[in-house]
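A.B. asks: Per mature numbering (1 follows the signal peptide of the UniProt record, and there is no 0): the sequence shown = residues -32 to -1, 1 to 245.
In case anyone wonders, no lab produced these hints; they're calculated from the structure.
There's no promise every hint is true.
[As the list claims (entries may be wrong)] Distance windows between CB atoms, simulated:
(1) Asn222 to Lys58: 33 to 39 Å
(2) Arg48 to Lys121: 36 to 42 Å
(3) Asp239 to Leu103: 27 to 33 Å
(4) Pro175 to Met211: 19 to 25 Å
(5) Glu42 to Gln226: 57 to 63 Å
(6) Gln226 to Thr62: 38 to 44 Å
(7) Asn54 to Asn222: 39 to 45 Å
(8) Asp41 to Lys192: 45 to 51 Å
(9) Thr144 to Leu37: 52 to 58 Å
(10) Asp212 to Thr62: 42 to 48 Å
(11) Gln81 to Gln26: 22 to 28 Å
(12) Leu139 to Gln81: 54 to 60 Å
[Claimed, not checked] In silico DMTMM-like pairs for lysine to aspartate or glutamate, Cα to Cα no more than 25 Å straight-line:
(13) Lys241 to Asp205
(14) Lys90 to Asp41
(15) Lys173 to Asp215
(16) Lys35 to Glu65
(17) Lys58 to Glu33
(18) Lys182 to Asp206
(19) Lys173 to Asp153
(20) Lys121 to Glu174
(21) Lys58 to Asp38
(22) Lys53 to Asp86
(23) Lys58 to Glu36
(24) Lys140 to Asp239
(25) Lys46 to Asp67
(26) Lys192 to Glu65
(27) Lys121 to Glu50
(28) Lys173 to Asp206
(29) Lys90 to Asp80
(30) Lys82 to Glu147
(31) Lys182 to Asp239
(32) Lys90 to Glu31
(33) Lys53 to Glu31
(34) Lys58 to Glu170
(35) Lys241 to Asp206
(36) Lys182 to Glu147
(37) Lys121 to Glu170
(38) Lys140 to Asp86
(39) Lys235 to Asp138
(40) Lys46 to Glu65
For each residue, glycine too, the CB sits at the ideal point set by N, CA and C.
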Amino acid sequence: MSSRLISGQFSRQLAMLALPLVLAACATPQQAPNAPAPAPEPATTPSAPNISATSPTQDALIEAERKELDREDEQTRKARAEREKNLHLKLVQTMIEQDNAYAALAHLDAYDQKWGSDRQSKQLRADSLRKTSQLDQAELVYKSLLSGQGQQKSGPVWYGLGKVAIERGDLKTAATRLEKSIQVDPLNINAYSDLGLVYLLEGQKEPAYNTLMKANQLASGDSKIMANLALWGLVFDDFNMAMDIADRLQWSDNTRNQVMSQANSIKRRFDAKGNTQ
């Protein structure tokens, strides 16, 4: 075999051996001698968004909404309590008007125990005590309402004190107190009616008529007030007015006789005191 052929074969073998080395050199970066191997890069995974996180603005809104709900709950509780108190006091007022004053006092004890006494409950208590003839206690409660705040609401208090004086037969004191009641509350029909009757019993003809007429017109012809006007007519000899009222109220003969007897009793009282008409 010729030397040229052998040389060509040897060159091809050498090239085939060198090819893997070249490929390996291309795939692996060269490092400087004794250089440390680079640290492997840590594997990273994408983080999931935190769907429960809220911004400061959202936190403030949530807190404000919570406080608003708490405030509404508190307002609801207060409104419910106020309704219960008012209903309880209305029940007591109805009892007094229906002459169940002893039951009214028991309910007022329960009211004070649950809610604590207030101006309105004290007023009702004084009225109930007066209705049950506990006059000394009633007067003490009435007078306690005249001190401190609420002077502008003292009309009913003076009226109650006037009624206490009437029950005691102290007509002069009754007149003074009822006059004060009207000064504070010029539209108190009951105060006009009772004051007119006090004037009548005291023999004050004109003041009695004027006061009873105010009560009558304010009450649009209340039968009780009209009866007092008829009594005034009989006492002061205005029989036409007395008979006209008796006819309008359709009094029976028995009622007419009772009112006439009452008028005669008042006249005899005048005579005993030396009253002049």
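A.B. asks: Would you mind marking each hint as holding or not holding in the structure?
C.D. replies: For each hint, the structure was consulted:
1. Asn222 to Lys58: 33 to 39 Å: 37 Å, holds
2. Arg48 to Lys121: 36 to 42 Å: Given about 26 Å between the Cβ atoms, the range is violated.
3. Asp239 to Leu103: 27 to 33 Å: 29 Å, holds
4. Pro175 to Met211: 19 to 25 Å: 24 Å, holds
5. Glu42 to Gln226: 57 to 63 Å: 59 Å Cβ-Cβ, so the 57 to 63 Å window holds.
6. Gln226 to Thr62: 38 to 44 Å: Check failed, 29 Å falls outside 38 to 44 Å.
7. Asn54 to Asn222: 39 to 45 Å: Because 43 Å falls inside the window, the suggested range holds.
8. Asp41 to Lys192: 45 to 51 Å: 49 Å, holds
9. Thr144 to Leu37: 52 to 58 Å: 56 Å, holds
10. Asp212 to Thr62: 42 to 48 Å: 35 Å, violated
11. Gln81 to Gln26: 22 to 28 Å: Roughly 48 Å apart at Cβ, these two residues miss the hinted range, so it is violated.
12. Leu139 to Gln81: 54 to 60 Å: The hinted range 54 to 60 Å is violated for Leu139 and Gln81, with Cβ atoms some 39 Å apart.
13. Lys241 to Asp205: Status holds; Cα separation ~19 Å.
14. Lys90 to Asp41: Violated - the C-alpha atoms of Asp41 and Lys90 are around 30 Å apart, more than 25 Å.
15. Lys173 to Asp215: It holds: about 23 Å lies between the C-alpha atoms, which stays within 25 Å.
16. Lys35 to Glu65: Answer violated: Lys35 to Glu65 is near 45 Å, above 25 Å.
17. Lys58 to Glu33: 37 Å, violated
18. Lys182 to Asp206: Holds - the C-alpha atoms of Asp206 and Lys182 are around 18 Å apart, at most 25 Å.
19. Lys173 to Asp153: Holds, at about 24 Å.
20. Lys121 to Glu174: 29 Å, violated
21. Lys58 to Asp38: Measuring from Cα to Cα gives roughly 30 Å; hence the hint is violated.
22. Lys53 to Asp86: 11 Å, holds
23. Lys58 to Glu36: Measuring from Cα to Cα gives roughly 33 Å; hence the hint is violated.
24. Lys140 to Asp239: With Cα atoms ~18 Å apart, Lys140 and Asp239 stay inside 25 Å; holds.
25. Lys46 to Asp67: 32 Å, violated
26. Lys192 to Glu65: This hinted pair holds, its Cα atoms lying about 15 Å apart.
27. Lys121 to Glu50: Distance of about 20 Å is within 25 Å: holds.
28. Lys173 to Asp206: 11 Å, holds
29. Lys90 to Asp80: Holds. Lys90 to Asp80 sits at ~9 Å (cutoff 25 Å).
30. Lys82 to Glu147: Between Lys82 and Glu147 the Cα gap is close to 36 Å, so the pair fails against 25 Å, i.e. violated.
31. Lys182 to Asp239: 28 Å, violated
32. Lys90 to Glu31: 43 Å, violated
33. Lys53 to Glu31: Outside the cut-off at roughly 33 Å; violated.
34. Lys58 to Glu170: 36 Å, violated
35. Lys241 to Asp206: Satisfied, since the Cα-Cα distance of roughly 22 Å is no more than 25 Å.
36. Lys182 to Glu147: With Cα atoms ~13 Å apart, Lys182 and Glu147 stay inside 25 Å; holds.
37. Lys121 to Glu170: 28 Å, violated
38. Lys140 to Asp86: 31 Å, violated
39. Lys235 to Asp138: Measuring from Cα to Cα gives roughly 18 Å; hence the hint holds.
40. Lys46 to Glu65: 29 Å, violated
The structure is inconsistent with the numbered hints 2, 6, 10, 11, 12, 14, 16, 17, 20, 21, 23, 25, 30, 31, 32, 33, 34, 37, 38 and 40, although it conforms to all the rest.
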